[in-house]
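Please model the complete structure; the sequences and the hints are all you need to start from.
2 protein chains.
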Amino acid sequence: MNTISEIAEVLRSLRSAVIFTHTRPDGDAVGCGVALSIALDRLGIPNQLVNEGELPQKFRFLAGTEKFLLRPTLDAEGYICVDSSDERRLGELCKLFLRGAGKGKVTVNIDHHISNTRYCKYNFVRGRSSNCENIAELIEALGVPLDEAISAALMTGIITDSGSFSHSDVNGDTFRAAAKAADGGAKVDRITNELFRRQSKARSEMYIGVLSRLRYLLNDKLAVAVVSLETLSKGGLSQADTEGIVDYALTVDPVEVSICLMEVKKGQYKASFRSKGRVNVNEVAAVFGGGGHILASGCMVFGDLEEVIDRLRYAVLSHMGDV
Amino acid sequence: MNTISEIAEVLRSLRSAVIFTHTRPDGDAVGCGVALSIALDRLGIPNQLVNEGELPQKFRFLAGTEKFLLRPTLDAEGYICVDSSDERRLGELCKLFLRGAGKGKVTVNIDHHISNTRYCKYNFVRGRSSNCENIAELIEALGVPLDEAISAALMTGIITDSGSFSHSDVNGDTFRAAAKAADGGAKVDRITNELFRRQSKARSEMYIGVLSRLRYLLNDKLAVAVVSLETLSKGGLSQADTEGIVDYALTVDPVEVSICLMEVKKGQYKASFRSKGRVNVNEVAAVFGGGGHILASGCMVFGDLEEVIDRLRYAVLSHMGDV
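Those sequence lines, one after another, are chains A and B.
Numbering follows the working numbering, in which position 78 of the first sequence is assigned residue number 78; successive positions increment by one, without gaps.
Numbering follows the working numbering, in which position 68 of the second sequence is assigned residue number 1068; successive positions increment by one, without gaps.
These aren't lab readings, by the way, just hints derived from the structure by calculation.
Watch out, some of these pointers could steer you wrong.
Unchecked claim - Taking lysine-lysine and the BS3-like style, the derived pairs with C-alpha atoms no more than 30 Å apart in a straight line are: (1) B:K1234 x B:K1187; (2) B:K1187 x A:K201; (3) B:K1234 x A:K201; (4) A:K187 x B:K1187; (5) B:K1221 x A:K221; (6) A:K234 x B:K1058; (7) A:K221 x B:K1058; (8) B:K1221 x B:K1265; (9) A:K187 x B:K1270; (10) A:K234 x B:K1270; (11) B:K1276 x A:K58.
Following this line, the structure appears as structure tokens:
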């Protein structure tokens, strides 16, 4: 693996660059991309920022997000991947990335996932709570001072990937990176409001409606929320609007596992799982061919709603141990 | 006003101390009290920590909160007030404090409210997002290293008073103080879970029930939530369990003002107001003899529920300007 100064040296020598980030980008992916792209602008290195799909609307408040393209139009010397543990995480852009790598482009990988496969010529992987912390270190090594736009982008990644500074991997370094971004002009109140404290009336009514029909099973150790297609279409909403529903039930004291069932089409449900830690929901999801992490995972389940709930209940019960 | 080293010098010379904090203590008050009390222990200065009422259950997870007493039993040399803008904020303990001050006790005031009246012999007031940041600076000046208990107490104050690092007064200093507390052993995941991500099933059902009956008025610019005495008694809940309800509606896009009405007894409602900033709810509350801040205030309103809502609607409308 390379040091951050070696990575900075490689970037500084590039005549042009394309920055890739992962499919269905979250706040960290967007923040890393925007911050690095602006930093390269400041160094006078022509660059483009690409992602395979439309950027989620909620990130559009961030200056620099208008730079995202669906495909590069620049035949750049360097291909830089941020926040992406392997090349498949680039989605449709993976082919383009691999073709470029095969043609001798200088490939650079900057990531915080410990599962990162080191798929580039130059790799910097450090397991911090957000990859924006790594990008902040890189920008410092590049000698680019933090302005308001770079700072806001970095803070967005730090806030989102750290769960607003609440995840177990948050440490002194996380706060020191946030301090620098705040000093640089990032406004935490504005960023937090845009990311977490805004919703349409229709989304709010769907959210409250779904939670008012929450089902408690297994002696209140399991909570199941159901979002029907009808509920979504009635409010003109999409699956993205269900974000946060599965997390709610985990705040309820006896609940150990929370499931949100989203109807994809008749007889097909997408299940999201969350656990407080005593039940491994990665194993529960695996029963249905899905997976994820110990505390958060997902799968598809087929059948009538009541039958689907029965099967999920049994699968959770089987993994409860002596909870 | 004194410097933090002068305050540290005063404390270091005390043979004994009582630490007071404000009535209905929040996370910052509790954090300040506990952190300073443990720091004095480390210096070998006998001390007690007092507050007029029972400490809210949600802070009991914090080591050191068992030190809180309802009244001091120690005839201490020094009286130290933390996070209290004037002596009346000490509630029932105000008299005892004033009596001590009159008898020549060394009084010390460490606070972050800019409205602080400098009511002690020694005063340190610095307007930071939490007073725990001031206490952290004081503990450093006292030469006491941060251990896990002190760090967790400081982090609790920093997290609660900064709205989990989201308020507009959060700056680089806030994050630097948090970094030191994290380095000292504070676990942000545990603290956040205990403070914000735990509720009983009865509280959750009340919360969702109240929000499912949210009323939207004035073209969705005003939202009113109503918590009846019956709703609370049915769930075995108290007014403290309504915390957070008034904040919810402010996440809904068109809403400019959110009101939560809590039935105190038949024909009497306690109203809490929140504003996104375009309506001054301090002025709205003043119509009913209440007050607070531009963004958050409260008052009592008397009458039948529908009549109360009509009067509030009119008062908000009158302060809407061209919103």
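Taking the hints in turn, this is what the structure says about them:
no. : hint              : verdict
1   : B:K1234 x B:K1187 : violated (36 Å)
2   : B:K1187 x A:K201  : violated (36 Å)
3   : B:K1234 x A:K201  : holds (29 Å)
4   : A:K187 x B:K1187  : holds (24 Å)
5   : B:K1221 x A:K221  : violated (39 Å)
6   : A:K234 x B:K1058  : violated (39 Å)
7   : A:K221 x B:K1058  : holds (21 Å)
8   : B:K1221 x B:K1265 : holds (28 Å)
9   : A:K187 x B:K1270  : violated (33 Å)
10  : A:K234 x B:K1270  : violated (35 Å)
11  : B:K1276 x A:K58   : holds (19 Å)
Hints 1, 2, 5, 6, 9 and 10 from the list above are not met by this structure, while the remaining hints are.
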